[in-house]
Amino acid sequence: MHNNVILMKRAFIGPIGDDIPSIFPLMAGIVLFIATIAYANQEFATKTEQIKLRKAGLDLSYIAIENGYMDMDNFPDKCRELLTPASVKNGVYFAVMLRNCDQLALPSFEGTVICSRTFETAPTLNKAFFEKKVLSTFNYPVATDCDTGLGEKSGLGTIEILTWYK
Amino acid sequence: MTSKSRSQASLFDGISFLMLTMVSIAIIFVSLSGYGNLQNSIIDKAHITSYLQDSIKAMYYLDASTLSTFSCRDEPYYCNQPDECRIDSSKCNMGCEELETWTGISVAELLKRDLRDYDGTVGTGLDDKYGPAPAPGKLAARCAFMKILEPFSSGGYTYIVDFKKVKGTTNQVPQTGKWITNNVEVTSCDTEMGQNKLVVNAPFRVFVSKETEADNYIISICMWSTRNVKT
Numbered sequence: 001m002h003n004n005v006i007l008m009k010r011a012f013i014g015p016i017g018d019d020i021p022s023i024f025p026l027m028a029g030i031v032l033f034i035a036t037i038a039y040a041n042q043e044f045a046t047k048t049e050q051i052k053l054r055k056a057g058l059d060l061s062y063i064a065i066e067n068g069y070m071d072m073d074n075f076p077d078k079c080r081e082l083l084t085p086a087s088v089k090n091g092v093y094f095a096v097m098l099r100n101c102d103q104l105a106l107p108s109f110e111g112t113v114i115c116s117r118t119f120e121t122a123p124t125l126n127k128a129f130f131e132k133k134v135l136s137t138f139n140y141p142v143a144t145d146c147d148t149g150l151g152e153k154s155g156l157g158t159i160e161i162l163t164w165y166k
Numbered sequence: 001m002t003s004k005s006r007s008q009a010s011l012f013d014g015i016s017f018l019m020l021t022m023v024s025i026a027i028i029f030v031s032l033s034g035y036g037n038l039q040n041s042i043i044d045k046a047h048i049t050s051y052l053q054d055s056i057k058a059m060y061y062l063d064a065s066t067l068s069t070f071s072c073r074d075e076p077y078y079c080n081q082p083d084e085c086r087i088d089s090s091k092c093n094m095g096c097e098e099l100e101t102w103t104g105i106s107v108a109e110l111l112k113r114d115l116r117d118y119d120g121t122v123g124t125g126l127d128d129k130y131g132p133a134p135a136p137g138k139l140a141a142r143c144a145f146m147k148i149l150e151p152f153s154s155g156g157y158t159y160i161v162d163f164k165k166v167k168g169t170t171n172q173v174p175q176t177g178k179w180i181t182n183n184v185e186v187t188s189c190d191t192e193m194g195q196n197k198l199v200v201n202a203p204f205r206v207f208v209s210k211e212t213e214a215d216n217y218i219i220s221i222c223m224w225s226t227r228n229v230k231t
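Protein chains in written order, with this note's numbering: chain A, 1 to 166; chain B, 1 to 231.
Extracted from the complex, chain A is given alone in its bound form (with noise of 0.2 Å):
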């Protein structure tokens, strides 16, 4: 009996002390817990707004293909009536880019702008400034009046629509 009491005693180190060996591991466990909840907070977040820009970009299309031909007298009136204010509820900025039928083989960002919202006053909106973007983009085909040489007419062009964050 006395011999066992001891053994006891001995074995015990403390309310804290017998559990040191467990704190590491538990320790160990806590830090990555937290650091995945943090990382994947942060990466649902950056596929949420990333889900909302493609949204964007498919209203602002909807609005720019309305009826499948690029009528250059009235764009102007729908860019300012229509897509800025679209640009502006979806919260995103954009750039409207027409390649007519001399431009069909042009590379990405390439052609011309017909209407854009930047954040920026007055940028040069080239290839360098879409680079720096994250940028959803989709392109349509689209009847656009082409110079043949033999007068103006009708000719395929593609449209791409633009959109970015700031």
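Keep in mind that a hint or two might mislead.
To be verified - If we take Cβ atoms under 7 Å as the criterion, some of the chain A residues that face chain B in the derived model are:
#1 Leu32
#2 Phe33
#3 Ile34
#4 Glu43
#5 Leu58
#6 Pro141
Don't read these hints as lab results, they were simulated from the structure. By construction, the Cβ of each residue, glycine as well, lies at the ideal position given by its N, Cα and C atoms.
Mind docking chain B on chain A? Use the hints.
Only chain B this time, still in chain A's reference frame:
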């Protein structure tokens, strides 16, 4: 209990907790990797669908003569003589240059003027609504859709543009000769059941004269991926 066994027990508790944490983290990562895929897939399909709708709208404005510069780019399935094209690329000819003289008329108008094959026999294939005067409506549509849907063709998609006549029942309009497609084996929108097939239908009314009622057609574009990829 000895101090050794106590510390072993508490270490076991700690490792169990760590394992539990790892399982939770794995669940978080699995749900994270799947998040957004469905939404992106829906947005992609919405884009393709509106692209197809837009291509039908553009048909009503595209001057047929502007398509005369398009060529079949040595791709046999667009060419009039696919077998000869396979042997000799100089014989790859689609015939779009024939459209050069058709100025001031849109592809849709040309199609409505003559839904028949350009050189087909009267009464066969797509109906000739305005007598035997040949109008290359189908050729214009082939040239236009080849160029418009080029990004998708290059990306492994197959398309076909099909017509249906609505008269009591809706039936496919029979065709002979070349189809408006990038795959010679495809002859109908309905029978093709490719993975993730997208179909866009649009009304296509043909007025023959003021006195008679318009004939109601439906123009359909079907597109599906021939590669085993999710869109």
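Outcome of the hint check:
| no. | hint | in the structure |
| --- | --- | --- |
| 1 | Leu32 | 6 Å, holds |
| 2 | Phe33 | 5 Å, holds |
| 3 | Ile34 | 10 Å, violated |
| 4 | Glu43 | 6 Å, holds |
| 5 | Leu58 | 6 Å, holds |
| 6 | Pro141 | 5 Å, holds |
In terms of the numbered hints stated before, the structure departs from hint 3 and from no other.
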